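Undergrad: Listed below are the residues making up each chain.
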Amino acid sequence: GENVEQHPSTLSVQEGDSAVIKCTYSDSASNYFPWYKQELGKRPQLIIDIRSNVGEKKDQRIAVTLNKTAKHFSLHITETQPEDSAVYFCAASGAFLHGGATNKLIFGTGTLLAVQP
Amino acid sequence: AAGVIQSPRHLIKEKRETATLKCYPIPRHDTVYWYQQGPGQDPQFLISFYEKMQSDKGSIPDRFSAQQFSDYHSELNMSSLELGDSALYFCASSLAGARKETQYFGPGTRLLVL
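As they're listed, the protein sequences go chains F and D.
Sequential numbering from 1 applies to the first sequence in our numbering.
Sequential numbering from 118 applies to the second sequence in our numbering.
Next up, chain D with everything else stripped away, as it sits in the complex (with noise of 0.2 Å):
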């Protein structure tokens, strides 16, 4: 079966560069959810997009914004990038429905800030 797909795997940019993440959802998922783990920490939720509008934020820096586009896709646009901001970003789908809740997760984007 079709997972979700982020690409891309890995990633390494200078301090102050900008990144681009993109995040492609298991077929006919509607809603994407983006979620940063730093090491040896719990993933932690950055921002949600149902029907190509954003649709609960939480803890995303200003630096960072995010869309979902037509197709359903999602990119994830880091700037002014700090060291801190190096961690697995993860994307999850889910559909809405009856199992609106259950959220599939990709195989993340490693990014280190040098």
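Pulled out of the complex, with its shape left as it was, chain F reads as follows (with noise of 0.2 Å):
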């Protein structure tokens, strides 16, 4: 089955300063990757994902990029805010079963990110 990796588990930055948060999966028919957001006790939320067909989304301060030869997708926060502090969790879904809309997400282990003011 589908495994995903995340790197690093944590991650200190001053604020205004960038941050990367890089995931790899193992399936290549994997072709759906959101970014979820989950501050602690709250829900995920998604803050920006991408398909396959695409190697590049940006909004605002938030970019994803997309390299399918390698397997791997990576989150770009620029001009880092206090705000911003909170658990992130790559994901990645593959095709579908039977026809049917399911997609499960499978979770990378989530990267702490603390935006020191």
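Since the hints were made in silico from the structure, they are not lab data.
If you're wondering where the values come from, they're calculated on a predicted model, not measured in any experiment.
We treat Cβ as the ideally placed atom computed from N, Cα and C, and that holds for glycine.
Treat the hints with care, as some may be off.
Below, simulated DSBU-like cross-link-like pairs (lysine-lysine); rule was C-alpha separation at most 35 Å, straight line [claimed, not checked]: (1) D:Lys217 x F:Lys58; (2) D:Lys174 x F:Lys68; (3) F:Lys71 x F:Lys57; (4) F:Lys68 x D:Lys169; (5) D:Lys174 x D:Lys130; (6) D:Lys174 x F:Lys42.
Derived list of chain F stretches under chain D, where covered just means 3 residues or more per stretch with a C-beta under 8 Å from a C-beta of chain D [to be verified]: (7) 39-50; (8) 103-109.
A few chain D residues facing chain F, derived, Cβ under 7 Å [claimed, not checked]: (9) Asp159; (10) Pro160; (11) Phe162; (12) Asp173; (13) Glu218; (14) Phe222; (15) Pro224; (16) Gly225.
With the hints as a guide, dock the two chains, each given alone in a separate frame, to form the complex.
TA: Written out as structure tokens, the structure is:
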């Protein structure tokens, strides 16, 4: 089955600096790669996603890049702010099963991002 | 905009008891997913339903069962609870169509088994 590895497990940056989180996946059939931000005790919140037919996507201070050949994707946050502090999860999902609309997410192990003021 | 609703938000049970968690997807969403998240862990996929039929199954114990009803809400039934079942349980929903992979999570149910 699919396996997603995520690095680093913790990341501390100064406010205004950039943060980069990297993930690799094992199943070449995976075609959808979302990133979720989770604050302590709260729900995972979708912040950006990318599909396998796109190499890069940007939304204001957040960007995601995908390298299908190498099977890795990365989250880039620029001009970090203290409110960006949270756990970030990457995830991957693959082809449908039995023609139905199911896409279970396989998550990475998470990155605790701390933005120091 | 309406979001995924889960109830109850908190639940305390004794070992060997049963629990029922409920999930109400975003209106018009037809697919529901259940995830379990232990302390300091990533969410683990349990089971999913599409149009009231089970569509995929993950690491869900045999003690757990789930279903999706005609109004698309889903219930996760957990029996013979064990201490290790203490976790956050998230429900997510999505809509078949152009962005069918996009899952939106509910606020979760925090289950504590004593």
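Undergrad: All hints, please: hold or fail.
TA: Consistency of the hints with the structure:
1. D:Lys217 x F:Lys58: 21 Å, holds
2. D:Lys174 x F:Lys68: Holds - the C-alpha atoms of Lys68 of chain F and Lys174 of chain D are around 26 Å apart, at most 35 Å.
3. F:Lys71 x F:Lys57: Holds - the C-alpha atoms of Lys57 of chain F and Lys71 of chain F are around 16 Å apart, at most 35 Å.
4. F:Lys68 x D:Lys169: 34 Å, holds
5. D:Lys174 x D:Lys130: 25 Å, holds
6. D:Lys174 x F:Lys42: Holds, because 24 Å separates the two Cα atoms, which is no more than 35 Å.
7. 39-50: holds (count 7)
8. 103-109: It holds, with 7 qualifying residues against the three required.
9. Asp159: 4 Å, holds
10. Pro160: At 5 Å from the nearest chain F Cβ, Pro160 of chain D passes the 7 Å test, so the hint holds.
11. Phe162: This hint holds: Phe162 of chain D lies near chain F, its Cβ roughly 4 Å from the closest one there, short of 7 Å.
12. Asp173: 4 Å, holds
13. Glu218: 4 Å, holds
14. Phe222: 4 Å, holds
15. Pro224: Constraint on Pro224 of chain D satisfied, holds at 5 Å.
16. Gly225: 6 Å, holds
Figure legend: structure checked against the earlier numbered hints; every hint is met.
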